[in-house]
Amino acid sequence: MTEGPYELPEGWRWVRLGEVAQRRANSLVPRRYPSRRFRYVGMEHLEAGQWEEPQGVEVSGSDIKSQVIAFHPGLVLYGKLRPYLNKVFVPSYEGIASSEFVPIAPHPSLLSPKYLAAYLRTPGFVAYANANTTGSRQPRVRLEALWSVLLPLPPLAEQERIVERLEAFMDRVREARRLRQEAREEAERLWQSVLADTFPRPGSALPPGWRWVRLGEVAYREANFLMPSDYPTKRFRYVGMEHLEAGQWAEPQGVEVSGAEIRSQVVLFRPGLVLYGKLRPYLNKVFVPRYEGVASTEFVPIAPRVDVLSPEYLGAYLRTPHFVDYATANTTGSRQPRTRLDALWSAPIPLPPSPNKNAS
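316 is the number that full-length UniProt numbering gives to position 316 of the sequence shown; each next residue is one higher, with no gaps.
By construction, these hints were calculated from the structure, which means they are not laboratory data. Mixed in with the good hints there might be a few duds.
[As the list claims (entries may be wrong)] As a list, the in silico EDC-like pairs of lysine to aspartate or glutamate whose alpha-carbon atoms are at most 20 Å apart:
| no. | residue 1 | residue 2 |
| --- | --- | --- |
| 1 | Lys114 | Glu185 |
| 2 | Lys278 | Glu242 |
| 3 | Lys80 | Glu100 |
| 4 | Lys65 | Glu298 |
| 5 | Lys234 | Glu312 |
| 6 | Lys278 | Glu312 |
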């Protein structure tokens, strides 16, 4: 019998996850079936700590460029990327998912999928997973650590009772979250209303001295690319899309990593720029940095002409409902829509008089 860190109730026992479950890795390359429709779940379809089952999106095989895993009811899908985000779900339908999910098949006579999922969400397991990762910028749980984790295993009937109690509690949590979400949405509506009222709507009359310009007339792309892996020991302050929440106004802090830990090309940024998140523009991810660093190439580094356009003003306008709607209507790609750069530079911007010009 496996010994654990503390004594368990009668009838319970300690087991390693690999003793009562196995990896059900049915890999699939959807683009080989270009006209087939798939129900796809990516890491982006779960929020951190989400308990509810994600619905995913329906896409054609031609829209998915990478290999995925097939899943079905009876499995537990565990998100190995950034385990602190605590992304786990038990599917009630068949579909495909990002290979960042580990498909775990519990032994049906020993382990309930919902009980296992509940355990994988516990603070104790999340701490264990975080302590057993590989990689810094994109940490992933080491699979040998996953299968070696100690699991307190009660009889199946007790597992079901535990799950019932947890789900009853989660009903109360969901109601509290619903009320909190309503309050947040109301605050966001008020804020978006302020932005909408502050900035003129495209096509409307402008105040005296204002004029409509195209973004490309008053700003340019400062695309200084870098391969951090060419400087393996250098430390970089890195900002990825994941470091901003949807609609976030506050400046992201990013993470400090070594060049060896960043495998892909990045863009350099500095104060005076506006970084615009072109991926999924409806998420409204924009920031005006006050420090130097490197960022994902999903950000477009925009350099305003300082004599006519303030970075803070431009950053605010790019967050308005008018611009978000415009950007969302001008994307390319289905599963991962990105704002078309020609549309970005052609976007109409209401430009007020320059303070310097007024002062002269």
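Structure-based check of each hint:
1. Lys114 to Glu185: violated, 31 Å
2. Lys278 to Glu242: Measuring from Cα to Cα gives roughly 13 Å; hence the hint holds.
3. Lys80 to Glu100: holds, 6 Å
4. Lys65 to Glu298: Holds. Lys65 to Glu298 sits at ~17 Å (cutoff 20 Å).
5. Lys234 to Glu312: Roughly 30 Å separates the two Cα atoms, so the pair is violated.
6. Lys278 to Glu312: With a Cα-Cα distance of about 18 Å, the restraint between Lys278 and Glu312 holds, given a limit of 20 Å.
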